[in-house]
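Enquirer: Here are the chains, one letter per residue:
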Amino acid sequence: MRVLIRGAGVAGLTAAHELLARGAEVTVIENAEGFGRAASWYAGGMLAPWCERESAEEAVLTRGIGAADWWEAALPAGSVHRNGTLVVAQPRDGAELRRFAARTSGFRWLNAEEIEALEPALAGRFRQALFFPDEAHLDPRRALSALRQRLAARGVTFVAEEPDGRGAVLTVDCTGAARIGGIDGLRGVRGEMLYLETDEVSLSRPVRMLHPRIPLYIVPRNGGLFMCGATMIESDDAGPITTRSLMELLNAAYAIHPAFAEARLVETGTGVRPAFADNLPRAVRRESTITVNGLYRHGFLLSPAMAGDVAALALGEEIPRGDVL
Amino acid sequence: MPLFYGTEIRSRLLLGTARYSSPAVLAEAVRRSRTDVVTVSLRRETAGGRQGGAFFELIRELGVRVLPNTAGCHSVAEAVLTAKMARDVFETDWIKLEVIGHQDTLQPDVFGLVEGARILTGEGFEVFPYTTDDLVVAERLLEAGCKVLMPWCAPIGSAMGPQNMQGLRAMRAEFPDVPLIVDAGIGRPSHATTVMELGYDAVLLNTAVAGAADPAAMAEAFAMAIDAGYAAHGAGMLEPRDMAVPSTPVIGKAVFS
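Keeping their order, the protein sequence lines are chains A and B.
Following UniProt numbering, the numbering of the first sequence begins with 1 at its first residue and continues without gaps.
Following UniProt numbering, the numbering of the second sequence begins with 1 at its first residue and continues without gaps.
Please keep in mind that the hints were generated in silico from the structure rather than gathered at the bench.
Bear in mind the structure is a predicted one, so any value in this text is a computation, not a measurement.
Don't take every hint at face value.
Unchecked claim - In silico lysine to any residue, SDA-like type, Cα no more than 25 Å apart, as pairs:
(1) B:84 with A:238
(2) B:84 with A:103
(3) B:84 with A:240
(4) B:84 with A:243
(5) B:84 with B:107
Stated by the list, open to error - The calculated label-pair distances, taken between Cβ atoms and stated as ranges, are:
(6) A:315 with B:77: 41 to 51 Å
(7) B:111 with A:204: 46 to 56 Å
(8) A:78 with B:61: 31 to 41 Å
(9) A:239 with B:77: 45 to 55 Å
(10) B:61 with A:162: 45 to 55 Å
(11) A:31 with B:57: 22 to 32 Å
(12) A:317 with B:104: 28 to 38 Å
Ideal Cβ placement from N, Cα and C applies to all residues, glycine included.
Work out the full structure, taking the sequences as your base and the hints as a guide.
Expert: Printed below as a string of structure tokens:
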């Protein structure tokens, strides 16, 4: 079976991986400018189905649980960090922590000593926290690059331009937010993020800080880098970060650790997350075209499961769940 | 049913549209709340999107009236600009005017509020001012052209419920003919019932529904609570008294003990 995949973001590459594993001959059309326009390039890379359940449907948990294993198998050793997630709040926002706990599972409460044991850099900063031990994280940019490299080494062809129409028996559309306006009900949810660089803080796992208005997370990357995100704005405007968002993100980073005040702000970015009204992704087949879209803020978490659905649809199988997840 | 600027609405519950986990959850909450008016906050990025705001399209599809708001504006100029953008996007003269004066409590800047109300009324807007329970400010807002008042009962999103019953009571008594909507601070259906029992015309909620574990069920609970409070006010409630009043007459019993 010959398959043409449009889009080399997380949806396209995971689909390529699954189709290749089922013996397909795969060609991927990637953006000539690289990954920079894919929402996944700006992702946090948290594989956090239990935390996400706070505001997402149950399906995000059930279908996201296997993501860490999938990525571990697909990427070079050491790419997936299985250190859990720490959720904290300022003392005056303690009610937010209790609310979060009431909506989630798979965590345990930590006191100040336990927080310090887990993340020495946060010693004395928070009196209580929630710890989700089974969650994981990865570096989305490294993950995308490594996966692309692996696929290329195993015979997937990457092209920058549409090949002439002959050949492919199946097309898989993984172009995400580029389809807003073209797919009924697909909308954009703008997310702004930034990278901080400092060697004064060291974290081993994503830290989520709850706040009634401005929840935020910091994900450690290699080399003293910290990804700090992300806003959630109902808009498909991909323009540069606004002053207000920048201020809020930096304020929150500073509240997690004052040393971030001295960090270098090395990058700001904006991605547009494609989403349907229920914020759940869909994979649909219409004749010889499969469309997967609507990964919202769960690209790395749900694309492995969606790629499995794409492969099933490609082989002419029914997806037991219908076209939703 | 209450009249806001000459428009009769079919529900005494006004529902905010922010902070739902998805537009689908929001739509279900709107349906179960039986509301006739939703408030929508306009952010400039949203208005500037390529598709003119797919989210606004979803809001329009709810089939209810839209009361745009200037949530998050900290100055009069910002609020006026946002109001004008909202008028373009939603094609309505209604605007919920919010000028925030204090970062932590989101307390309204009542001076800016009166000024903003005056400017917007002059430009043909029908202003729903988010204010405190201060009677003098309320008077100034009416002078500025407002025909509806929206006092808080506690800080936005705090879920504390009515903090100053005497203030709310005084406001109702002082402005018997002005539609009054309690806006902000409601956490539970019983809070909504309480303010409706004071004779308020409607209640505006957001976080209490959006933040509930089951927003749609909570929306329905609020709808019933508001109806109950309104009906109770109309039915005339007993005044509390110090001593028990037996519900069965004691005279005629064989023995007085």
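Enquirer: Is the hinted range of 45 to 55 Å satisfied by the C-beta distance from residue 239 of chain A to residue 77 of chain B?
Expert: 22 Å Cβ-Cβ, so the 45 to 55 Å window is violated.
Enquirer: Mind checking the hinted window 45 to 55 Å against the Cβ distance between residue 61 of chain B and residue 162 of chain A?
Expert: 35 Å, violated
Enquirer: Would the pair residue 84 of chain B and residue 238 of chain A pass a check requiring their Cα atoms to be no farther apart than 25 Å?
Expert: Satisfied, since the Cα-Cα distance of roughly 23 Å is no more than 25 Å.
Enquirer: Checking one constraint from the list: CA of residue 84 of chain B to CA of residue 107 of chain B, max 25 Å. Satisfied?
Expert: Holds - the C-alpha atoms of residue 107 of chain B and residue 84 of chain B are around 23 Å apart, at most 25 Å.
Enquirer: Take the C-beta atom of residue 315 of chain A and the C-beta atom of residue 77 of chain B, compute their distance, and say whether it sits inside 41 to 51 Å.
Expert: 60 Å, violated
Enquirer: Quick check on a hinted range of 31 to 41 Å for residue 78 of chain A and residue 61 of chain B, using CB atoms only.
Expert: Check failed, 47 Å falls outside 31 to 41 Å.
Enquirer: Compare the distance between the alpha carbons of residue 84 of chain B and residue 103 of chain A with 25 Å, and conclude whether the hinted pair is satisfied.
Expert: Not OK: residue 84 of chain B and residue 103 of chain A at ~39 Å, beyond 25 Å, violated.
Enquirer: Between residue 84 of chain B and residue 243 of chain A, does the CA-CA distance stay at or below 25 Å?
Expert: Measuring from Cα to Cα gives roughly 22 Å; hence the hint holds.
Enquirer: Holds or violated: 28 to 38 Å for the Cβ distance of residue 317 of chain A and residue 104 of chain B?
Expert: Since residue 317 of chain A and residue 104 of chain B have Cβ atoms about 55 Å apart, the given range 28 to 38 Å is violated.
Enquirer: Is 46 to 56 Å respected by the C-beta to C-beta distance linking residue 111 of chain B and residue 204 of chain A?
Expert: 49 Å, holds
Enquirer: Using the C-beta atoms of residue 31 of chain A and residue 57 of chain B, is the stated range 22 to 32 Å upheld?
Expert: 27 Å, holds
Enquirer: Please verify whether residue 84 of chain B and residue 240 of chain A have alpha carbons no more than 25 Å apart.
Expert: Satisfied, since the Cα-Cα distance of roughly 24 Å is no more than 25 Å.
Checked against the numbered hints given earlier, this structure breaks hints 2, 6, 8, 9, 10, 12; the rest are met.
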